[in-house]
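S.K.: Using the hints provided, position chain B relative to the given structure of chain A.
Protein chains: 2
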Amino acid sequence: MQGRGEYVRLALEEAGADYADVARSERGMATMMKMMEAERGTPPFAPPFLKAGKLVIGQAANILLYLGSRHGLAPKAEAGKLWVHQLQLTITDFVLEIHDTHHPLGPSLYYEDQRAAAKKRSAEFWKERVPKYLGYFERLLQANGGGYVTGRRLTYVDLSLFQIVVGLRYAFPKRMKTFERNIPGLVELHDRVAARPNIMAYLASERRIPFNEDGIFRHYKELDR
Amino acid sequence: MQGRGEYVRLALEEAGADYADVARSERGMATMMKMMEAERGTPPFAPPFLKAGKLVIGQAANILLYLGSRHGLAPKAEAGKLWVHQLQLTITDFVLEIHDTHHPLGPSLYYEDQRAAAKKRSAEFWKERVPKYLGYFERLLQANGGGYVTGRRLTYVDLSLFQIVVGLRYAFPKRMKTFERNIPGLVELHDRVAARPNIMAYLASERRIPFNEDGIFRHYKELDR
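Protein chains in written order, with my numbering: chain A, -9 to 215; chain B, -9 to 215.
Isolated chain A, as found in the complex (with noise of 0.2 Å):
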C-alpha cells in the first residue's frame, strides 16, 4: 500500500533520487521486520524507514527533514528547516485523523466492526477537521501569492499537500467536490505540482502503488454521503 511512505516517495521522486522500494521486492517484508526487530542500531517502530549508507531513518516526516536539505526539496538554514519541518508535522497528524476516519475503534480491529462509529468520525471529519486543517494551509498559500505553501520555490510540504488532495479525492469524491470551491489555491497547488516532469512521469508509472482499500485513503461509499 501507499501508506505513510507515498509521502517520502514524492519527495525521492521529484529530486530523481535513485532509491530502491525495498518492501515492494521479493522478501521485501522480510527484509524490513528484520531491520524493525534488530538488537542494535536504530530499529524503526513501524515502516516507512529509509536505509541511506549507514544510516537508518523512521517516521516519514523525519525522512523528509532529512532528505530536503539534500534534495532542495527545503531550505538549509535552520529557520526555513524548521518552519518546512513543522508543516509537514501538522499534515502527519492529519494523516493520523484521516486514518481514523475508518479506524476509529482502533487500528488492529476489521472496518467491518466499526462502520456505524465511522459513519460518525466522517461526519465529524469533514464538518471540523477538513475545514481547520485544509483551512490552514490555504490560508498560508494566499499569504504567500499562491505559488508554494512557504514561497516562491517547491518543498516536501507541497508535494504531501497534493497527495492529501488526491487521497480526499479518491476516499470521499462526494465531499471533496463540494469542498474544493473553498481550497483553491489548493486545488491550483495540486495542479502545478501534478505537471512537475518527474511527479508526471512517476503517476504514469508502475511504481505508483493505485489507491485501494488497505491504505491510508480508502473509499468507502457510506463514509461519503
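One should not assume that every hint holds.
Given that identical chains are not distinguished, each listed pair holds provided it fits within a single copy or across any two copies.
No farther apart than 30 Å at their CA atoms in a straight line, the calculated lysine-lysine pairs in the BS3-like style are these [as the list claims (entries may be wrong)]:
no.	residue 1	residue 2
1	Lys167	Lys117
2	Lys71	Lys44
3	Lys109	Lys122
4	Lys110	Lys41
No lab work stands behind these hints: they were computed from the structure.
M.R.: Just chain B now, kept in the frame of chain A:
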C-alpha cells in the same frame, strides 16, 4: 492544561532554561490566538509553540528538535539528532492514540457523547497499542543496558517517556498497575527522571499543571476497568 506543551516544559525545566509560559499569563490566550492568526511569518496551526528570539516554532517534537542540541538534551551530530527525533515522533503518534481513547469519534465532540466508543477504543488500546509502543521503548532500554533510551546520557525522549508513564498511571491506574510488570526498564527510567533535581523541583512547583479531564491523560473510571 498540560497538553502537548508538557513535553516542552519538561525539557525547558531540565535544562534550567529561562522561559515564560505565556498561555498561562493574564491575556495569555489572546496573545496565543493573535500569533496563530498572524498574516505574516510562520503562524502555527495549534499550540504549543515556542518564541525564541525572532523564531516562532510550532509542533512539540519540532520545538524539542530545536531545543535539544542547544541545551544538551540531544546529540549534536546529525545521526544522533535524527534518531532521537525519530523516537520523539513515535511518542507523538502514541500521544495522539492516547487522546483517541476518550475521543474516538472526534476531538470536537464531548466525551459524554462518545462513551461507548471510548470504552471499545480503550480496550483495543490496552490490548494492542500499549504493548506495542511501550514494548518498543522497553526493548530499546534493555538493549542499552537500561540507562537512558538512547544510551548513557539523558535526552528529551527520556523526559517524554517519564510523562507517558506518569500520565498513564493517572488516566488508567488499574490497567497500568497490571501492565507495569512488563516494562521494568521504563519504570526505572521514570524513577531516574523523577529524581533529577530540576525535574523534582519542577514537579513540586506551581508551574506543573495537575492532570485533569481537559487534557490528554484523562481519568474516566469506566475506561479503566
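S.K.: Hints the structure violates: just list their numbers, smallest first.
M.R.: 4
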